[in-house]
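Novice: As a plain string of letters, each chain reads:
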Amino acid sequence: MNLKDKKVVLHDMSLRDGMHAKRHQISLEQMVDVATGLDEAGMPLIEVTHGDGLGGASVNYGFPAHSDEEYLGAVIPKMKNAKVSALLLPGIGTVDHLRMAKDLGVNTIRVATHCTEADVSEQHIGLAAKLEMDTVGFLMMAHMATPEKIVEQAKLMEAYGANCIYCTDSAGYMLPDEVSEKIGLLRAELNPKTDIGFHGHHNMGMAIANSLAAVDAGAVRIDGSVAGLGAGAGNTPLEVFVAVLDRMGADHGIDLYKIMDVAEDRVVPLMDQPIRVDRDALTLGYAGVYSSFLLFAKRAEAKYGIQARDILVELGRRGTVGGQEDMIEDLALSMAKERAKEKGLS
Amino acid sequence: MSKKLKAAIIGPGNIGTDLLMKMFRSEWIEPAWMVGIDPESDGLKRAREMGIKTTAEGVDGLLPHVIEDDIRVAFDATSAYVHAENSRKLNELGVIMIDLTPAAIGPFCVPPVNLKQHAKELEMNVNMVTCGGQATIPMVAAVSQVQDVAYGEIIATVSSRSAGPGTRKNIDEFTRTTAGAVEKVGGADKGKAIIIINPAEPPLIMRDTVHCLTKEAPNQQAITESVHAMIKQVQKYVPGYRLVNGPVFDGNRVSIFLEVEGLGDYLPKYSGNLDIMTAAGLRTAEMFAEEAHNGSITLPARG
Chain A
6 MNLKDKKVVL HDMSLRDGMH AKRHQISLEQ MVDVATGLDE AGMPLIEVTH GDGLGGASVN
66 YGFPAHSDEE YLGAVIPKMK NAKVSALLLP GIGTVDHLRM AKDLGVNTIR VATHCTEADV
126 SEQHIGLAAK LEMDTVGFLM MAHMATPEKI VEQAKLMEAY GANCIYCTDS AGYMLPDEVS
186 EKIGLLRAEL NPKTDIGFHG HHNMGMAIAN SLAAVDAGAV RIDGSVAGLG AGAGNTPLEV
246 FVAVLDRMGA DHGIDLYKIM DVAEDRVVPL MDQPIRVDRD ALTLGYAGVY SSFLLFAKRA
306 EAKYGIQARD ILVELGRRGT VGGQEDMIED LALSMAKERA KEKGLS
Chain B
12 MSKKLKAAII GPGNIGTDLL MKMFRSEWIE PAWMVGIDPE SDGLKRAREM GIKTTAEGVD
72 GLLPHVIEDD IRVAFDATSA YVHAENSRKL NELGVIMIDL TPAAIGPFCV PPVNLKQHAK
132 ELEMNVNMVT CGGQATIPMV AAVSQVQDVA YGEIIATVSS RSAGPGTRKN IDEFTRTTAG
192 AVEKVGGADK GKAIIIINPA EPPLIMRDTV HCLTKEAPNQ QAITESVHAM IKQVQKYVPG
252 YRLVNGPVFD GNRVSIFLEV EGLGDYLPKY SGNLDIMTAA GLRTAEMFAE EAHNGSITLP
312 ARG
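Taken in order, these protein sequences are the chains called A and B. Following the numbering used here, the numbering of the first sequence begins with 6 at its first residue and continues without gaps. Following the numbering used here, the numbering of the second sequence begins with 12 at its first residue and continues without gaps.
Source of the hints: derived by calculation from the structure; they are not laboratory data. Incorrect hints may have been included.
[Stated by the list, open to error] Lysine to any residue pairs mimicking SDA-like chemistry, simulated, CA-CA at most 25 Å apart:
hint	chain 1	residue 1	chain 2	residue 2
1	B	LYS201	A	ARG28
2	A	LYS346	B	GLY306
3	A	LYS342	B	GLU236
4	B	LYS226	A	HIS29
5	A	LYS308	A	ARG271
6	B	LYS131	B	GLY191
7	A	LYS160	B	ASP81
8	A	LYS342	B	GLU270
9	B	LYS17	B	ASN102
10	A	LYS107	A	GLU153
11	B	LYS14	B	LYS56
12	A	LYS346	B	ARG179
13	A	LYS160	A	LEU109
14	A	LYS85	A	GLY258
15	A	LYS303	A	TYR291
16	A	LYS342	B	SER237
17	A	LYS154	B	ARG179
18	A	LYS308	B	LYS195
19	A	LYS346	B	GLU270
20	B	LYS180	A	ASP315
21	A	LYS303	B	SER237
22	B	LYS201	A	LYS83
23	A	LYS198	A	GLU157
24	A	LYS85	A	ARG271
25	B	LYS131	B	PRO75
26	A	LYS12	A	SER32
27	B	LYS14	B	GLU103
28	A	LYS308	A	ARG322
29	A	LYS154	B	GLY177
30	B	LYS180	A	VAL14
31	B	LYS180	A	ARG28
32	A	LYS346	B	PRO75
33	B	LYS14	B	GLY198
34	A	LYS135	B	LEU133
35	A	LYS342	B	LYS226
36	A	LYS88	A	ASP182
37	B	LYS56	B	LEU274
[Claimed, not checked] Ranges between beta-carbon positions, derived for each pair:
hint	chain 1	residue 1	chain 2	residue 2	range
38	B	GLN246	A	VAL273	27 to 33 Å
39	B	GLU68	A	VAL225	22 to 28 Å
40	B	LYS280	A	LYS346	53 to 59 Å
It should be emphasised that the depicted structure is a prediction, and the values quoted were computed from it without experimental measurement. Note that the Cβ used here is the ideal one computed from N, Cα and C, for glycine as well.
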């Protein structure tokens, strides 16, 4: 694979996807500490919001330590060069949240839908484009649709006004060939001016390999997370990815030692648990389940005595999509009832 | 004189057709007119085949017939953009308007919670909130009738096939309108609504989750009884409304997990979200008819 001099724009997720791993409890001080470290290391884009995007504060996804307004208001004024992005999932956040983010100085809005439901994003992508924001269409759980379907949905987002389209491996299910195929077809079919992006999760240990495949196939923007702090087994660990890109001679613009230090000195100390491919995170990738379900399934296991792996496999079988966290407790309750019944009969 | 009130349906799409099929079974409402804008539309053809008068001239095509056919109630299943005008024209002629669009110019109506009050006050325009609102607000109310609810949150998951273009184009309307009604009708101090569209095949039956945060520690027994009683109320007009799990109590959190299966009249059974709207709309009209019949309200006078 030859990535020599290829331009790669990295986008850090530790303060948004990482919120899942921290049950949305990152403090303002920690946010600013990590973000300023990333800024100094040359990170061009940093995402800051609740893990489930603007408006994600809820019983269903977890109430954060601070509101989106507070996080964005704390981080944005401290940035020297880095721009800040915010995620928005139609059905959870609204255009009111989008306007608030714009007013606080957010540069990039990423409007996320399930990979077959892009038409719910018209209002939000349309408004962000009208406000002349960097507007990204983010197709989640992209392993659940064919490359042709992904292209069809990407074209909708492009028509609404998105200047960048992401193929998002929310479940960490994809293997490199699938990434190559999907990114390659997007690159071939979309407007040459539209950027392509890839967002990976490390549940099958493929985040670096998949991100390389994405760059090779035409993606310019690559999401990752310093020290991997993210849902499931985390996102593409950025300090590792930067080192790899460095060795391959790609044009990434990041200071490797500085980002290594942010990972080691600022992010690892704030982790509640090691971010690694444990049994349940591996199950997410293997069964194709939304990565942020991980801690909810572990809690359901602790409360109802049903193994998280069994819950996650069944959620995968049912075709559960991002945002359906409520089905985890529901399913655990139903499985517990079923088991009690079986015991009663035997 | 028949006790039945004659009705017009505006908008011959999926919702309008499903409503029409349910109306044929009603003891209180008699379908008379289907109003569309395209003479070639499948919906108008279906209505004609079912023996209903139709017009393709929009509400203006219906107006000359309102008095002679004694139309007393109209269901608007078009869009929020045209609803206000439809309602004004028909209200002027004394027609009660049941609004199935997100326009919400009249008060929200969730039948087991506040329909009786609207009927007694002869509200000439009532809004049926949203599918997610109809499915979940009865549960928020079941909790708030027992004790104060500081926060009510609902998550509605519908199959991709049952989420129409209107909902998709304006999904913020769903979250705003539903959250507002969780407060105003459900009785929560603060409301939040989330909608998820799931493309799984075969399509999943509508699922709804309700979380309430009570101000004081929840009275578990009273809330459980109230929830079960409310389920029975909703089942009177939506037989496939089921409690899957809960109420579950965790500190001050009360969680209720529901499934809504439709009757499969015109819309498939998995479309419980659409079925609960048409069923609630019809139930609303029936209540007005019952109240008029037993003399507790007097419909606008006609010469």
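Novice: Are the hints correct? Go through all of them and say.
Specialist: For each hint, the structure was consulted:
1. A hinted pair counts as satisfied when its Cα atoms are at most 25 Å apart, and LYS201(B) with ARG28(A) qualifies at roughly 22 Å.
2. A distance of roughly 52 Å separates the Cα atoms of LYS346(A) and GLY306(B); the hinted pair therefore is violated under the 25 Å criterion.
3. For the proposed pair LYS342(A) and GLU236(B), the alpha carbon gap of about 20 Å is at most 25 Å, so the pair holds.
4. Taking the CA atoms of LYS226(B) and HIS29(A), the gap is about 23 Å. The hint holds against a cut of 25 Å.
5. A hinted pair counts as satisfied when its Cα atoms are at most 25 Å apart, and LYS308(A) with ARG271(A) does not qualify at roughly 32 Å.
6. For the suggested pair LYS131(B) and GLY191(B), the alpha carbons sit about 23 Å apart, so the restraint of at most 25 Å is met.
7. Our distance criterion of 25 Å between C-alpha atoms is broken by LYS160(A) and ASP81(B), whose separation comes to about 50 Å.
8. At most 25 Å may separate the alpha-carbon atoms for a hinted pair to count; LYS342(A) and GLU270(B) meet this at roughly 17 Å.
9. For the hint pairing LYS17(B) with ASN102(B), the CA-to-CA distance comes to about 15 Å; that is within 25 Å, so the pair holds.
10. Between LYS107(A) and GLU153(A), the direct Cα distance comes to roughly 33 Å. Violation of the 25 Å bound is thereby established for this hinted pair.
11. For the given pair, LYS14(B) sits about 28 Å from LYS56(B) by alpha-carbon distance, which is inconsistent with the 25 Å threshold.
12. Taking the CA atoms of LYS346(A) and ARG179(B), the gap is near 41 Å; set against the 25 Å cutoff, the hint is violated.
13. Only pairs whose Cα atoms come within 25 Å are accepted, and LYS160(A) paired with LEU109(A) is rejected, the gap being roughly 29 Å.
14. For the proposed pair LYS85(A) and GLY258(A), the alpha carbon gap of about 15 Å is at most 25 Å, so the pair holds.
15. Only pairs whose Cα atoms come within 25 Å are accepted, and LYS303(A) paired with TYR291(A) is accepted, the gap being roughly 17 Å.
16. Among the hinted pairs, LYS342(A) with SER237(B) is consistent with the structure: their alpha-carbon atoms are about 22 Å apart, no more than 25 Å.
17. Taking the CA atoms of LYS154(A) and ARG179(B), the gap is near 18 Å; set against the 25 Å cutoff, the hint holds.
18. Restraint check for LYS308(A) and LYS195(B): not satisfied, since their Cα atoms lie roughly 34 Å apart, outside the 25 Å limit.
19. Restraint check: the Cα-Cα separation between LYS346(A) and GLU270(B) comes to about 21 Å, which is no more than 25 Å; the hinted pair holds.
20. The suggested pairing of LYS180(B) with ASP315(A) is violated, with an alpha-carbon distance near 37 Å, which exceeds 25 Å.
21. Between LYS303(A) and SER237(B) the CA atoms are separated by roughly 31 Å; this puts the pair beyond 25 Å, and the hint is violated.
22. The hinted pair formed by LYS201(B) and LYS83(A) fails the criterion: a straight-line CA distance of about 33 Å is larger than 25 Å.
23. Annotation: proposed proximity of LYS198(A) to GLU157(A) holds, straight-line Cα distance about 17 Å (limit 25 Å).
24. For the suggested pair LYS85(A) and ARG271(A), the alpha carbons sit about 19 Å apart, so the restraint of at most 25 Å is met.
25. Between the alpha carbons of LYS131(B) and PRO75(B) the distance comes to roughly 29 Å, so the proposed pair goes past 25 Å and is violated.
26. Only pairs whose Cα atoms come within 25 Å are accepted, and LYS12(A) paired with SER32(A) is rejected, the gap being roughly 33 Å.
27. Restraint check for LYS14(B) and GLU103(B): the C-alpha separation of about 23 Å stays at or below 25 Å, so the hint holds.
28. Taking the CA atoms of LYS308(A) and ARG322(A), the gap is about 22 Å. The hint holds against a cut of 25 Å.
29. Restraint check for LYS154(A) and GLY177(B): satisfied, since their Cα atoms lie roughly 22 Å apart, inside the 25 Å limit.
30. A C-alpha spacing of about 32 Å is found between LYS180(B) and VAL14(A), which places the hinted pair above 25 Å, so the restraint is violated.
31. A distance of roughly 32 Å separates the Cα atoms of LYS180(B) and ARG28(A); the hinted pair therefore is violated under the 25 Å criterion.
32. Note on LYS346(A) and PRO75(B): the hinted pairing is violated, with a Cα-Cα distance of about 63 Å set against a maximum of 25 Å.
33. For the hint pairing LYS14(B) with GLY198(B), the CA-to-CA distance comes to about 34 Å; that exceeds 25 Å, so the pair is violated.
34. Proposed proximity of LYS135(A) and LEU133(B) is contradicted: the alpha carbons are some 44 Å apart, above 25 Å.
35. Distance check on the hinted pair: LYS342(A) and LYS226(B) sit about 29 Å apart at the alpha-carbon level, beyond 25 Å; violated.
36. In summary, the hint linking LYS88(A) to ASP182(A) is not supported, as the alpha carbons are separated by about 32 Å, beyond the 25 Å threshold.
37. Using a Cα cut-off of 25 Å, the hinted pair LYS56(B) and LEU274(B) holds, with the two alpha carbons roughly 23 Å apart.
38. A hinted range of 27 to 33 Å is violated for the C-beta pair GLN246(B) and VAL273(A), which are about 54 Å apart.
39. Judged by the Cβ atoms, the range 22 to 28 Å given for GLU68(B) and VAL225(A) is violated: they are separated by roughly 53 Å.
40. Checked against the given bound of 53 to 59 Å, the beta carbons of LYS280(B) and LYS346(A), roughly 26 Å apart, lie outside it.
Checked against the numbered hints above, the structure breaks hints 2, 5, 7, 10, 11, 12, 13, 18, 20, 21, 22, 25, 26, 30, 31, 32, 33, 34, 35, 36, 38, 39 and 40 and satisfies the rest.
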